[in-house]
Amino acid sequence: MIKTNSLTKIYGDKTALSIDQLEIPTGQSFGLVGNNGAGKTTFFSLLLDLIKASSGEIISNKIAVAISEEWKNFTSAFIDDSFLIGYLTPEEYFYFVGSLRGIDQKEIDLFLEAYADFFNDEILNQKKYLRDFSKGNQKKVGLVATFIGKPKVIILDEPFANLDPTTQIKLKQLIHKKSEDKELTLLISSHDLNHLTEVCNRIVLLEKGSVIMDKETTAKTLQELEDYFSA
Amino acid sequence: MSSSLFQLGRKKFLRAPQLEAKFTIKILMGLVILYFAGSFLFAGVVIYPALSKKFLEQDAISIINSFLVLIFAFELIIRYFLQQLPVTEIKSFLLLSIPKKRIIRNVLLRSLITIYNVIPFLLYLPISIAMFNDDYLLSQVFAWWVSLALLSLSINFITILVNKNNKVLATFVLVFIFVYVVEYYSETEILRSTGHFFDSLLAHPILVLLPASIFLGLYFITFKFLKININLEGSLVAKTGVANAERYNFLNVFGPHALFLKNDLRLIVRNIRPRNIVLASFLFLFYGLAFFPSIEYQSAFFIPFASIFITGGFLLTFGNYVPAWDSEYYPFLMCQNLSYKQYLDSKWRLMTFAVLVSTVLSIPYIYFGVDIYLMILSGAFFNIGLGTWITLYGGLLNKQPLKLNVKAKAFENTQAFSGKQFLMILPKMILPVLLYLIPAQVFNSTVGLITLASSGILGIIFKNQILNQMVKLFVKEKHQTLQAFTQK
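Protein chains in written order, with this note's numbering: chain A, 7 to 237; chain B, 222 to 709.
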């Protein structure tokens, strides 16, 4: 689904990211770990054409993301709170995202019903603007919005951060359910090794912009990661 | 201590993301300031002798005195819109062991060091010197000048106090305009009677104590105001209003554009900053009142100039910040499957709509003559056809993100409409004046009107082509804009 060739991003004389070759097949749940500054967000930003690569290219579903904008048809993402529109209510935000992806309000209402449990009565009909919600509840809205319109690629940066424990568990279940869909490619980054090894079937470890480890998730993966980070 | 707070201000400037642009703007601002300073100085030097010569039977100084209230009102409005509070990162200091009093004193002190406080020296000092040469006693001249300087500095504090409240300003402006109009047409003395106070200052220099106590009083009120606001910061944050659930379905008539228009409407209604700016653009409607009534201003230059402003307020205040209005969630927009063309087109429609509304609202200007309304009309054509594009162009190049819902915090400048922005407006004002003026001088004013209006009509005819160019620029600037907007 996604292929990158000799991708680098250099700021001044500092290399933020340098990945020789990376291929993410369709249907994979791809997990990204690494300490601060390892290049996780840089990688995601490149995938979303939010920043320009210093060299190399990214091909998503046969489309070069830096050249064509067609990838937007099948890609959705939640990177940080700049992906929310603070002065909208959650409903309005979902409708807005829906109409950008060609889905009308009634369908959105139906779609949202399926997430009633995840929302835990804290999101809908609150008569509040998104900017007035807590960080965790804002994140719930942003995460669910990425599922609107059946995208083929979903990119989530730190989806577990700021969520309360119950919601973290619900999110894990949700991601599990989503990844049963063999058409959906999921890219997730997290600092939480437990969560990530649970929901992803492949883990890539970044360190100072380079790939240090790239493995299918097995029973041993969590231990290996913990060993690496405590060393 | 104070000096280290000053240093932080300096570092904030030098380490800002768009330093080069800021320098250019500073230099341009410097030129503009020099121009205005020169004008004030010139006015100060010339006005007293000129008035003495012209009105032999009246005291020149008492004529000046009767106009002082207008100058002060004007000063207040100018300061309100253009003057910025010196802002250091006050919040982070609150937890350090610096006494709050010292922080506030620093802010107030720094607020005095601003270009606007030079006015007393430029404008009033030359007049004082002329008075002294004209046989006034030193004590009289001194009392007069010190009073004016103190009142001018008092306005500085009033600006700080009012800066948080647009309603106060709107009320002030409306009352002032009302009183002024009543005075103008009924030949009564209301505002001008304030001149008697300044007259009596000359008779009894001891009255200088009055402005002095006003100044000191305002200093302490401002001090208290800032102190309370520092303390309230924490408790203010928790306040959240009930969301307004208006769906704006009437906008659906715009078809595919409705989506963005609805959001823009919500943006304006639900955020403090855009709301203020749109209110400010409403004030532009009254701009003509400053020019049209007086005969000496009915010159070839000022009428087109004012006419453009009357219908172009929203363009200047809102259009200048497209797409910066969306800067808070710009990465989101750039990841969505949205048509840039539709996005920009809906912004164009919004601005066009605003011009149309102001054109209708300005119908009362017919009172000053059909000619003037025709001027406003052709100005409106220009604003729709070309003004919109010029502002959009400027907006697309603007790399300054906007915080939408900055609550009234004592230490943050809530006015996006600063002097720097004003500077970017100037070229947009000069082009239409030339478009009218040149053919009007060569042929006659009708040809001028037609030229101005048809330049706008051309812009409407070639809308599609221009829009495509705008989209190209939009795409070209995408990454730079993203980078600038996400810098916090």
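FYI, nobody ran anything at the bench for these hints, they're computed from the structure. Among the hints, erroneous ones may be present.
Claimed, not checked - Quick list of in silico lysine to aspartate or glutamate cross-link-like pairs, DMTMM-like style, CA-CA up to 25 Å:
#	chain 1	residue 1	chain 2	residue 2
1	A	K134	B	E410
2	B	K562	A	E75
3	B	K620	A	E186
4	A	K221	A	D170
5	B	K699	A	E186
6	B	K620	A	D87
7	A	K112	B	E467
8	B	K693	A	E63
9	B	K697	A	E75
10	B	K624	A	E98
11	B	K697	A	E128
12	B	K699	A	D138
13	B	K232	A	D86
14	B	K693	A	D138
15	B	K624	A	D138
16	A	K133	B	E410
17	B	K275	B	E467
Claimed, not checked - Covered stretches of chain A (in silico footprint by chain B; criterion: 3 or more residues with CB under 8 Å from a CB of chain B, positions within the stretch not fixed):
#	region
18	27–34
19	50–64
20	195–208
Just so it is clear, the structure is predicted and the values come from calculations on it, not from any experiment. For glycine and all other residues, C-beta sits at the position ideal for the given N, C-alpha and C.
Cross-check of the supplied hints:
Our distance criterion of 25 Å between C-alpha atoms is broken by A:K134 and B:E410, whose separation comes to about 52 Å. Proposed proximity of B:K562 and A:E75 is supported: the alpha carbons are some 13 Å apart, at most 25 Å. About 43 Å separates the Cα atoms of B:K620 and A:E186, which puts this hinted pair outside 25 Å; it is violated. Note on A:K221 and A:D170: the hinted pairing is violated, with a Cα-Cα distance of about 29 Å set against a maximum of 25 Å.
With a C-alpha separation of about 36 Å, the suggested pair B:K699 and A:E186 falls outside the 25 Å cut-off, and the hint is violated. A hinted pair counts as satisfied when its Cα atoms are at most 25 Å apart, and B:K620 with A:D87 qualifies at roughly 20 Å. Our distance criterion of 25 Å between C-alpha atoms is met by A:K112 and B:E467, whose separation comes to about 17 Å. Our distance criterion of 25 Å between C-alpha atoms is met by B:K693 and A:E63, whose separation comes to about 22 Å.
Restraint check: the Cα-Cα separation between B:K697 and A:E75 comes to about 13 Å, which is no more than 25 Å; the hinted pair holds. Annotation: proposed proximity of B:K624 to A:E98 holds, straight-line Cα distance about 21 Å (limit 25 Å). Distance restraint check for B:K697 and A:E128: the Cα-Cα separation of roughly 41 Å exceeds the 25 Å cut-off, and the hinted pair is therefore not satisfied. In summary, the hint linking B:K699 to A:D138 is not supported, as the alpha carbons are separated by about 29 Å, beyond the 25 Å threshold.
At most 25 Å may separate the alpha-carbon atoms for a hinted pair to count; B:K232 and A:D86 exceed this at roughly 28 Å. Taking the CA atoms of B:K693 and A:D138, the gap is near 36 Å; set against the 25 Å cutoff, the hint is violated. A threshold of 25 Å between alpha carbons decides the hint, and for B:K624 with A:D138 the separation of about 15 Å falls inside it, so the pair holds. With a C-alpha separation of about 52 Å, the suggested pairing of A:K133 with B:E410 is violated against the 25 Å cut-off.
Distance restraint check for B:K275 and B:E467: the Cα-Cα separation of roughly 61 Å exceeds the 25 Å cut-off, and the hinted pair is therefore not satisfied. Against chain B, the region 27–34 of chain A contributes 0 residues with a C-beta closer than 8 Å to a partner C-beta. That does not satisfy the three-residue criterion, and the hint is violated. Only residues whose C-beta sits within less than 8 Å of a C-beta in chain B count toward coverage, and the region 50–64 of chain A has 5 of them, enough to reach three; the restraint holds. By the rule of at least three residues with a Cβ nearer than 8 Å to a Cβ of chain B, the coverage given for the region 195–208 of chain A is violated, with 0 such residues.
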